[in-house]
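My request is simple: use the sequences and hints to build the entire structure.
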Amino acid sequence: MNLTRRTTLQSLAAAALAPALGGQAFAQGATFRIGALNPVTGAGSPYGSGMQKMILAAAEMVNAAGGAGGRKFEVFAEDTQTTPQAAVLAAKKLIEVNKVQAVVGTWSSGISLAVIPLTNDANIFLMNTSGAPALSVPPANAKGLSYRFQATNDRFGRAFAELCEKEGFKRPATMAFNNASGIGNTEGFKKAWEKKGGKVVANVVYEPNQTSYRAELQKVLAEKPDVIVTGSYLGDTTIILREWFQTGETTKWVIPAWAANPQLVKAIGNEAAEGLFAVDSISNEGSPAFSAYDAAYQKAMNQPGLSNVYAAMTWDMVVTLALAMEAAGPNADIAAINKKIREVANPDGAKVSTFAEGKEALKKGKINYEGASSVLDFDEFGDVTPDFSVSRVEKGEIKRKYLVKI
Amino acid sequence: MEAYLVAIAIVAAIYVLLALGLNLQYGLTGIINFGHVGFFCVGAYTAALLAEKGWPPLLSFSAAAALAMLAAWPMGLISLKLREDYFAIVSLGFSEVVRLVVTSEKWLTSGVQGITGIPKLFGGLATGLPNSLAVLAVLVAVNLLAIAAMRRIVTSPFGRTIEAIRDNEEAVKALGKDPAAFKIQVLMLGAALAGVAGAFYAHYIGYISPDQFIPLVTFQIWMAIIMGGVGRISGALAGTFILMLFLEGSRFLRDIMPFISEVEMASVRLGVVGLALVLFTLYRPTGLMGDFTRK
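If you're matching them up, the sequences are chains A and B in order. Mapped onto numbering that gives the first Met the number 0, the consecutive letters of the first sequence carry residue numbers 0 to 405. Mapped onto numbering that gives the first Met the number 0, the consecutive letters of the second sequence carry residue numbers 0 to 294.
Be a bit skeptical, because a hint or two may be false.
To be verified - Here are some chain B residues the structure puts well away from chain A; computed CB gaps all over 12 Å: (1) Leu81; (2) Ile88; (3) Met288.
What the hints assert, rightly or not - Residues on chain A that point at chain B, a partial pick, calculated with CB under 10 Å: (4) Ile94; (5) Ala131; (6) Ala139; (7) Gly181; (8) Asp332.
FYI, nobody ran anything at the bench for these hints, they're computed from the structure. On a predicted model such as this, the values are computed, not experimentally measured, just so you know. Using N, Cα and C, we set each Cβ at its ideal position, and we do this for glycine too.
See the structure below:
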């Protein structure tokens, strides 16, 4: 035998590569690829990286529990840059190059609406955290492969109306940040409130990124409302409330919780914040699923899990998908898995809160995954209707008062 | 993989159309247009709204170009009074005004909700690759047409005049030429190209909303022509190619180097584009395809 240096090297290289190639072939047979498509940069950047890390963490958890339906998750992460064009290209890459079978964690309606035709064409899942009503119905959700883990803006509006009725307000006015989400909230409120026979005394929509909102505020206060309902974000709410406090008016405020959070109270001071109502779709705090998510979030981001409701949703996306795959059995195709999603998430089954628990319980019968972000029951449109919590600021503390069901 | 490459090629071709228009305005005539995205926006909304009404693409695309041109008319009048930096500021304001109008006129544009479900071009073909290839083919044809027109312009008396306006407007006046008419024509031509690009964009993405037409788009085109070489048609092509390489290529960098997280990658991407711009202005101010014979 003639052993030259070259042949030795070649055979060594071949020996080194063989397991790698074999491993890849094996992996392709037993993996389920998911694409984490999140707003890491741009307007969604406060949430995006947390969302992405929770997809990775949840996938790891599922894999550690032996995979779903015999398959392990492989995650490919991309950034939408919170712009539809970048999101479309990223989704194309995930679908065409990485061959993912589910795109999870799109944020903001513009992105989800732009990506959904692609996932429909490829017959794969889209799991989003967007509020726009258009996402529920055809043409967007013609194939029933899209699931929304966030309450629609419309539902938020209905929760606001319930709260105003319960608190006995008579003359509500609205202020909305001029985007689909902000206006969705206040329009939803207006619709629900007028259905109850009430009248909204003023509707003001304001442009983002102003240094002062005094003019808009004057316009609203001129109608002497007893409560102002907002569809707003943290930055603008801070300015508006500061300027409102300077006027000395005693109007009450109802604000979505992504704006009315501890940072807001800190920014405007306890006195100005006293009595604000904050409405939130309930992250299923206190539930075992939430503590599992919370622990993972703290580990990955070094912040409490409550600070990012969307990350809780992406966590739930992966777990729900994994449970549906487990229920559908080994090598199930997308259609078979899709049939199981409502079955594992909706009522009439043993309540479970982690993947491992659900996997065990599935051997015995039906399950109902109660998620970290909400109890996760999907209606026929693939939307969730979470319960809402009403909190009130008292001496600088945001205290939860009661629940609103819509 | 093919479909992804075709998708990138489509977006790149749309960008080339924008870059060609800007190149005509800045590269050849010296008009600093910071509001290019405004015309892009006008074109996209025109095409989308007319498609909703059932107009055939040929008509709606022409209308998109015509309306974008019309929007450039007042801009052209302004450009007569203002030069260079001042015009830059006004044009930036113009594109923001367009965006705000689109945001506010809800009856027409459905405001911030955007227009959804814009039909794809060649809807008759199977969705996916055949469809995208057809779109790409048309885009390439339109680009070739635009390039041919540009070449024609450059070698024509009109081209020599606008280059003279860029180099010394006073001298052109002294020779008895009126720069005003030329500038208006150039602005309108560039706007028409941007309008057509917008129409393609609307039909390809299928969903448009005001927040897609932010000044960032303008500046990406600027980056492309600065890197590629101002005043050269090949520069517009090369610059767009480099830009897409940076924006899209960095996605694959991460598949090779998984230790860079997506968050870091986003910063690296911006950083690299910024660094490239600085290096270009330092060491190759004429751009990759820059004209060495001149200046």
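Item to check | Hints that the structure is at odds with (numbers, increasing) | outcome: As far as the earlier hints go, only 8 is violated by this structure.
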